[in-house]
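Number of protein chains: 2
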Amino acid sequence: MSESTAFGPICPLPINDYPQVMMAHGGGGKLMHDLIEKVFVPAFHNPLMDVRHDGAVFGVGNERLAFTTDSYVVKPLFFPGGDIGSLAVTGTVNDLAMCGARPLYLSAGFILEEGMETEKLWRIVQSMSAAADAAGVRLVTGDTKVVDRGKGDEIFINTAGVGVISHGLSICPNSVRPGDAIILSGDIGRHGIAIMAAREGLEFETTIESDCAPLSLPVLDIISSGVEVHCLRDLTRGGLASALVEIAEASGYEINIEEKQIAVREDVQGACEILGFDPMYLANEGRFVAFVPEHQAEMTIDAINSFASDTTATRIGTVSERRSADVTLRSVIGASRIVDMFSGEQLPRIC
Amino acid sequence: MSESTAFGPICPLPINDYPQVMMAHGGGGKLMHDLIEKVFVPAFHNPLMDVRHDGAVFGVGNERLAFTTDSYVVKPLFFPGGDIGSLAVTGTVNDLAMCGARPLYLSAGFILEEGMETEKLWRIVQSMSAAADAAGVRLVTGDTKVVDRGKGDEIFINTAGVGVISHGLSICPNSVRPGDAIILSGDIGRHGIAIMAAREGLEFETTIESDCAPLSLPVLDIISSGVEVHCLRDLTRGGLASALVEIAEASGYEINIEEKQIAVREDVQGACEILGFDPMYLANEGRFVAFVPEHQAEMTIDAINSFASDTTATRIGTVSERRSADVTLRSVIGASRIVDMFSGEQLPRIC
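Line by line, the protein sequences are chains A and B.
Once you know that position 73 of the first sequence is 73 in my numbering, the rest is easy, because the numbers rise by one and skip nothing.
Once you know that position 289 of the second sequence is 289 in my numbering, the rest is easy, because the numbers rise by one and skip nothing.
Just chain A, with the same shape it has in the complex:
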């Protein structure tokens, strides 16, 4: 970036292609990836920048800490299985868990739209409090801003979280090794369908609830049970497919998965067929993948299942020795295809 303007280097984003921010820039797919890699990384470049991870890990004195943030703009605010408040707490707790950290403290920043019902805010705050208790974290600092009517959408919430890492593992895509077993913590797609159904007022035979749940307990149990965890990733925006593609790209290794091992509930599958969604790209808020040594796959599955009430962890694949950085999926009929990152925006404002 040798050229520069009064504002520093010329923006390397293909301005001609994208002179304006599009919904897909927040969709968890290719365009968001571009925005991060071409705008944020060059500006904030430093060794800790967690571009390819769910949080930053650093040492303070003798302690190893994890630090992460997420803003929540989910629409609608209330949905089966949760609301923006429980999501704002659980989502950030889960990002800390994916660093192998024990979540300790959260901050909460509220951006309220003038005219929002105070009662609704109250319900959301109650929900955040309950979610924090469930996850064993404390909300210790906050901020409230109000924007003019028509300049917001009732409420946006940002939470940041601090956690402590009390083990020596380096849990990140770079630690992924050939032969690693890939464990999926449960069935996929519930959160995405729950939001979509609530937003569009769709009725299915059964009400599909979000899988929104804190992941810190199962993750810390896997680690304390002695599993040498190489990488963890929760399956939020972009779903299972995008998470695996990111890890394959970052690690450089090819990832091979088996479609028949990926659990999708019948009602979720049915809803996907009606709505034309691929569950592989649907957001989840209580699911993750774990990359662990082959011989510790069963231990990992057992640890996860000891916490899961309504789903089961399965081994969905293996890390290959090939350095293609591709994700290949073998379908139920045996055909093999390459899994790509979603380029556009399958479901906006999912979290």
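Hints are not guaranteed to be accurate.
[To be verified] Dumping the calculated DSBU-like pairs for lysine-lysine here, alpha-carbon to alpha-carbon at most 35 Å:
no.: 1; chain 1: B; residue 1: K30; chain 2: A; residue 2: K151
no.: 2; chain 1: A; residue 1: K120; chain 2: A; residue 2: K75
no.: 3; chain 1: A; residue 1: K30; chain 2: B; residue 2: K151
no.: 4; chain 1: A; residue 1: K38; chain 2: B; residue 2: K151
[To be verified] Residues from chain A that face chain B, not an exhaustive set, calculated with beta carbons under 10 Å:
no.: 5; residue: M23
no.: 6; residue: G27
no.: 7; residue: M32
no.: 8; residue: V39
no.: 9; residue: L48
no.: 10; residue: A56
no.: 11; residue: F67
no.: 12; residue: S71
no.: 13; residue: K75
no.: 14; residue: G109
no.: 15; residue: F110
no.: 16; residue: M116
no.: 17; residue: K145
no.: 18; residue: E154
no.: 19; residue: V162
[Claimed, not checked] Here chain A is said to cover these stretches of chain B; the calculated rule only asks that three of the stretch's residues, wherever they fall, bring their Cβ under 8 Å from a Cβ of chain A:
no.: 20; segment: 20-26
no.: 21; segment: 109-117
Please keep in mind that the hints were generated in silico from the structure rather than gathered at the bench.
Don't be surprised by glycine CBs; every beta carbon is placed ideally from N, CA and C.
Given chain A's structure and the hints, the job is docking chain B onto it.
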């Protein structure tokens, strides 16, 4: 709160008075105080909750850390002396400094409105990077969300910060003692007037620039020079008046200040008279008050002035032995009046 609903305790906010969120709920005055005390505190109640401070302080292992957050919704995005990017970094760095912490790491959460010019985002990100370098902090983790056109206002930024406290002082309103000298770090009102002028396209003889500046260096210098700092507070939303009222209420002691010691630049004073603003309530982004032992007042002033180029620290008052929890101001003509918290919203979206 014995009564309860399906969503937990009945909202103690006077719903009949405020069924909806109003701009003033984010204004830094009485209504925001109400919202925090009646909604957030009861829900998130815990010993660390920093209701009356700029950040939370807690121990992890042998380390003492400070943690804080702020969302930035300033309008316009660019103004004389800064922009939403520099403000988002400096404001959070300053909240850490007010805890007596050395700022280490920041997170950044972006909420973008569909259709925002990518070039503008790029300029803001460049400005954040420069501000982080100036304050000696690193942006290490982030998040980007995009909301539909008309559901945001181009860009909102949340930053959270983690800092380390390497001294034994307990810097908070509870540490304030009778006889403490109250030091103001410089002239007040520039940020508020700079924003207002830019927003309304007002032209004054001179362009009034925001005082936006990182406060961590002067604060850490005061502490390392041996001053036994009792309390620090930066003068953002609500200005000098609200900061002093909050500290008086929290400490229980009466605070006496001298109007003639409070520096207001002539051009700022002139703008205030035209616009009908009271500089005591105008937001600043590079000013703070320090409560220190009487005999260390001069040391404190010298430390601050060694960093200030275009302003001078002054002693504006003293903490009284009276337990009235009032703030009294002696005007230039010698009349004395009680300073109250601003009840409404003098300047919305100032930060």
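Using the nearest Cβ pair, does M32/A come within less than 10 Å of chain B? 6 Å, holds
Interface hint status, V39/A versus chain B (Cβ within 10 Å): V39/A check passes; min Cβ-Cβ to chain B is 6 Å, inside 10 Å.
What's the verdict on K30/B and K151/A, does the C-alpha distance respect the 35 Å limit or exceed it? Distance ~23 Å between K30/B and K151/A Cα, so the pair holds.
Take a quick look at whether K30/A and K151/B sit within 35 Å of each other, Cα to Cα. Cα-Cα ~23 Å, so holds.
Can S71/A be said to touch chain B, with a Cβ gap under 10 Å? 4 Å, holds
Taking a Cβ-to-Cβ distance below 8 Å as contact, does the segment 109-117 of chain B have at least three residues touching chain A? Held - the segment 109-117 of chain B has 9 residues with a Cβ nearer than 8 Å to chain A, which meets the minimum of three.
Do three or more residues from the segment 20-26 of chain B put their C-beta atoms closer than 8 Å to C-beta atoms of chain A? Since 7 is at least three, the answer is holds.
Minimum beta-carbon distance criterion (10 Å), M23/A to chain B: With a minimum Cβ separation of about 5 Å from chain B (threshold 10 Å), the hint on M23/A holds.
Under 10 Å, Cβ to Cβ, is where K145/A needs to be relative to chain B, so tell me if that hint holds or is violated. With Cβ-Cβ at 5 Å, under 10 Å, it holds.
Would you check the hint for K120/A and K75/A, treating anything up to 35 Å between C-alpha atoms as holding? 14 Å, holds
So, as I understand it, the hint says G27/A touches chain B; can you test that by seeing if any CB pair is closer than 10 Å? Since chain B brings a Cβ to about 8 Å from G27/A, closer than 10 Å, the hint holds.
Verify the proposed pairing of K38/A with K151/B, using a straight-line Cα cut of 35 Å. With a Cα-Cα distance of about 26 Å, the restraint between K38/A and K151/B holds, given a limit of 35 Å.
Checked against the numbered hints listed earlier, the structure breaks none of them; every hint is satisfied.
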